[in-house]
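> Given next are the chains, with one letter for each unit.
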Amino acid sequence: MAFVITRLCRDCKDLSCIAVCPTNCILEHVAPPGGSELPNQLFIDPDDCIDCNACVPECPWEAIYPELDVPAAFEPDVALNALVRERRDEFRVPEVVENRFPSAAEVHENQERWGLQGDGSKGLGSK
Amino acid sequence: MPTTIHIYRIICPSLREHASYSILLYMKTRVTFRIEPDLANALRELPNQTTFVEAALRSALGRTCPLCAGHGRLALRRLHVANVRDSGIERLTRHQAQELQQVFRLGQQVAATHIALEKQGDRVRFRMSRDGGSLLSGNLDRQEAN
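Residue numbers (numbering that gives the first Met the number 0), protein chains in the order written: chain C, 0 to 126; chain U, 0 to 145.
I should point out that these hints are in silico values taken from the structure, not numbers from a laboratory.
Ideal Cβ positions, reconstructed from N, Cα and C, are used throughout, including at glycine.
Any given hint might turn out to be false.
[Said to hold, decoys possible] Here are the computed distance ranges between Cβ atoms for each label pair:
id: 1; chain 1: C; residue 1: A18; chain 2: U; residue 2: N138; range: 20 to 28 Å
id: 2; chain 1: C; residue 1: A72; chain 2: U; residue 2: R62; range: 57 to 65 Å
id: 3; chain 1: U; residue 1: N138; chain 2: C; residue 2: M0; range: 23 to 31 Å
Please model the complete structure; the sequences and the hints are all you need to start from.
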């Protein structure tokens with residue numbers, strides 16, 4: 000099992016998680032010329048993730064879940080992260096830059112934007 | 000019938016050394032390179048430039064690298080880090096994760112192939128190895144020491 004970065008990261012890409020990831024497994028996508036673009040978010044390489052859990056509390060957008068706890072609304076994001084396996088050459092470790100910490104209201108607004116209902120605790124593992 | 004070189008050696012005994020030296024020179028490979036004028040002047044003043052340059056090169060190159068066997072290139076090999084949960088560790092603290100990050104980067108630099116993790120009481124112990132041979136071991140501290 001690995002951790003998964005969900006769509007709550009999209010267009011936010013806080014990068015705090017990268018500063019603590021021990022194995023450099025949090026990556027950004029750089030589309031090759033003529034290649035297909037992926038959503039503007041970070042991804043976790045499931046083969047390199049060691050389940051250390053260090054990235055989860057770092058993400059101010061609460062976008063990172065253990066694979067088995069990914070909310071049902073974000074289920075496609077598991078496969079999206081797994082794309083790193085097939086297209087590893089298109090991913091790289093981004094440079095860490097400090098970002099503004101979002102307010103609780105902004106985090107809640109982002110969750111609503113992506114259709115997360117309740118506290119988001121109902122995941123794939125509890126189905 | 001004496002050869003020309005035999006005659007020369009009779010005339011001039013010291014030619015034996017010169018002849019041997021010439022033969023040795025032909026066994027070597029000629030290398031041409033450009034250097035700064037001051038270095039070139041210093042080199043020209045030396046009595047035996049070839050011997051000096053050879054010794055300097057051997058000294059600079061040192062021992063043959065045990066990783067690449069002198070080829071200068073290493074095959075790209077993945078550094079595998081043990082899964083935290085499989086190692087009986089619930090999670091890493093932020094500080095432990097950052098310490099492991101440093102260990103991981105060091106491991107990449109020294110071409111390590113594996114980092115094993117083990118829970119020892121309240122501590123997390125790591126052991127870095129290359130093909131089964133231990134390179135480094137230590138503890139990941141839960142918190143930064145005061």
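> For each hint given before, does the structure comply? Return the numbers of the non-compliant ones in rising order.
Per hint list: zero violations.
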